[in-house]
Amino acid sequence: MRKTALLVAVAVAICFLGVSKAQAAISDDISVTVTLAQTISVEVTPPTWDLGAVALSTTSAGEDFEALVGNIETKLEIKSTDGANGWVIAAAAGADAFKVAVTDPAFNLQTTNQQLSAGWTAYSACPFELKYSSPTSDTKTADVDQDFTITVTASAPI
375 MRKTALLVAV AVAICFLGVS KAQAAISDDI SVTVTLAQTI SVEVTPPTWD
425 LGAVALSTTS AGEDFEALVG NIETKLEIKS TDGANGWVIA AAAGADAFKV
475 AVTDPAFNLQ TTNQQLSAGW TAYSACPFEL KYSSPTSDTK TADVDQDFTI
525 TVTASAPI
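Residue numbers (my numbering): 375 to 532.
Check before you lean on any hint, since a few could be wrong.
Claimed, not checked - PhoX-like, lysine-lysine: derived pairs with alpha carbons at most 20 Å apart:
id, residue 1, residue 2
1, K453, K473
2, K514, K473
3, K473, K505
As the list claims (entries may be wrong) - The calculated label-pair distances, taken between Cβ atoms and stated as ranges, are:
id, residue 1, residue 2, range
4, T477, D424, 18 to 24 Å
5, L430, Y497, 21 to 27 Å
6, D403, P531, 18 to 24 Å
These are computed hints drawn from the structure, not numbers from a lab.
For every residue, glycine included, the Cβ atom is placed at its ideal position computed from N, Cα and C.
With the sequences and hints as input, model every part of the structure.
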């Protein structure tokens, strides 16, 4: 019986000697590089300008607008269309001609792009003010709409 107990003790000892100790966890890292895509964009607020009925030879009070740009420095340009029903945008109000002025930088809108900002800061709003001057005389008769569109364009600065 002693032999059996001794054999069992030796077998248990051999089992404990054969079991290796647990190893510490091994890890490795993944280095991740992410770059946001450049987004050239512009959002103008407010999106409408309701001047209502205006008299001949009047200039509106200034109306404030903002052009919010995307995530890179952005060049901003602005232009206008001619009005509906034969009205034209011009450098000065005249017969059937209206004027829209940008106050800073100071210039009058045309039907071709003009620079509002050479390089506006990313994620910020470029403020600008517009003033409308009505025609000095009218050959179209009253109540003829002269609706027009002003377009602000964003592009990468040169």
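Structure versus earlier hints - violations, ascending order: Those not satisfied are hints 5 and 6.
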